[in-house]
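**Student:** Given the coordinates of chain A, work out where chain B should sit on it, guided by the hints.
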Amino acid sequence: MTDSIRQQFPILERMVKGKPLVYLDNAATSQKPQVVIDALTDYYSRYNANIHRGIHTLAEEATMAYEATRATVKDFIGAETTEEIIFTRGTTEGINLVAYTWGRKHINAGDEIIISGMEHHSNIVPWQILCQEKQALLKVIPVNDAGAFALEDFTALLSPRTKLVSIVQVSNALGTVNPVKEMIAAAHQAGALVLVDGAQSAVHLDINVQDLDCDFFAFSGHKVYGPTGIGVLYGKKDLLEEMPVFQGGGEMIKEVSFEQTTFNELPYKYEAGTPNIADTIALKAALDYISSIGKPAIRAHENELLEYATAQLENIPGLRIIGKAAHKVSLVSFVIDGVHPQDAAIILDNLGIAVRTGHHCTQPLMKRFGIPGTIRASFALYNTKAEVDALVTGILKTIKMLS
Amino acid sequence: MNHPSIAEIEKEIIEDFSLFDNWEDKYEYIIDLGKKLAPLEEVHKIDDNKIKGCQSTVWLTASYEDGRVYFKADSDAVIVKGLVSMLIKVLSGQKADDIINTQLDFIAEIGMMSHLAQTRSNGLLSMIRQMKNYALAFKTIQTAGQ
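Heads up: the sequence lines are chains A and B, in that order.
The working numbering applies: residue 1 is where the first sequence begins, and numbers increase by one.
The working numbering applies: residue 1 is where the second sequence begins, and numbers increase by one.
Certain hints may be false.
Restraint ranges, calculated between C-beta atoms of paired labels, are given here [stated by the list, open to error]:
id	chain 1	residue 1	chain 2	residue 2	range
1	A	Ala49	B	Ala7	50 to 60 Å
2	B	Lys52	A	Gln132	19 to 29 Å
3	A	Met15	B	Asp25	17 to 27 Å
4	B	Glu109	A	Asp389	33 to 43 Å
FYI, nobody ran anything at the bench for these hints, they're computed from the structure.
Note that the Cβ used here is the ideal one computed from N, Cα and C, for glycine as well.
Only chain A is shown next, with the shape it has when bound in the complex (with noise of 0.2 Å):
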């Protein structure tokens, strides 16, 4: 199946440094399928046109590919209605409009908002800033040596100055996926709204915000197999109904005059200016590719390259892995005894290997492992075994360069 996968994706015939590409830094994109790119040169090519408002057969095509990826990207994560899908640039836009419109409304001094010890900057800064002027509280689940935390830890800190947690699904440093429906449970009954990050669960599990129960869920596209540029925020209606607008411009806005504006219905309301047309109906294709394929498969090919990988990287001296909870999906970190995981990357790339080192934008969590960084290896529907191969020969081949 691979074979005839790899050869949708054009990216994975490059050469590197005169090696063949193996490209195992899916965590922080993953590679565009053709279709993907035959989707942004068609638009470009055939019907590029602001959306909307003109009334010519160029302007109604792109309207109805754009608002197309809205009804795809609702039965992507199982939302009730378009409405409640809003397009930002990503799964950081998407946290950072809720931190500014729900957070600025609804967080008074002495609240107190929930994350964990593994999010990234993503999820932590917006919500500083946001108790740095409400003189608000961030309380934070501490992670354990598995790189995992228990769902006590969590309820522990409910109170009821609890008013929002902001988790994530599956951690980008570390592959932990949470328990966040339990969490989502128990917030709720503590009277806390949830906001699910989930820019790296998006590509591999079954979303359905329904079933969660989430307030908010956000991703990003290019972790989809989808363009840059675009992403999705998901709330729940009523939330986005009486939340305060974001960005003030253009599409959002109802009736303007200089005394007053009233503004659009949702999801505009929260979608100022010209939207990102030709990235938001490519990213229709990224998501029609996965589902024409299924998640289920494409979960069951990288946990088994998951599994191969963390068998054949344990079996390596002085190798160490960080984050070996028990539910995780699809990438491994790891550090070496005496490699600086930036040495490891410079010789890896010499080698046509593409992985993450430092610290992932999570710097907290490797404070807490006492580590500068580590080497991260992420896979992605289209790697192989053989890849895994070449990776373990690789980190051979750099133990041996820099010892």
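**Tutor:** Using the frame of chain A, we list chain B on its own:
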């Protein structure tokens, strides 16, 4: 003392590198340079001397004697340290003006420009800027003293 010029040392390094016909030899040489560079004394590994990259850190100190600038440096990553070692070989002991004006063409010549382009990850570019700043500062102080 007849200290070789920046251009002379650069030429020497370029000649050394021309002997390597594969990347392994080249990097093994850089790694070796990194390992051989005397570690900076712990007292100098302070925040004031730190040039923090996103992934690795460089420490740099400088002193000034008889119109020449002397550098000592270290890094926690060995390949970066090897590159640091070459920068020290080229720039340490040179006249302030020469340090300020050099383009360090040897870096491109030996195929190491990509490591400078990674400005966020290793701090090497910041290190070169800092070396030039030191040279400028020493020169300014000296000129003011005259």
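**Student:** Does each hint hold? Answer for all of them.
**Tutor:** How the hints compare with the structure:
no.: 1; hint: Ala49(A) <-> Ala7(B): 50 to 60 Å; result: holds, 58 Å
no.: 2; hint: Lys52(B) <-> Gln132(A): 19 to 29 Å; result: holds, 24 Å
no.: 3; hint: Met15(A) <-> Asp25(B): 17 to 27 Å; result: holds, 21 Å
no.: 4; hint: Glu109(B) <-> Asp389(A): 33 to 43 Å; result: holds, 36 Å
Hint compliance for this structure: every hint is met.
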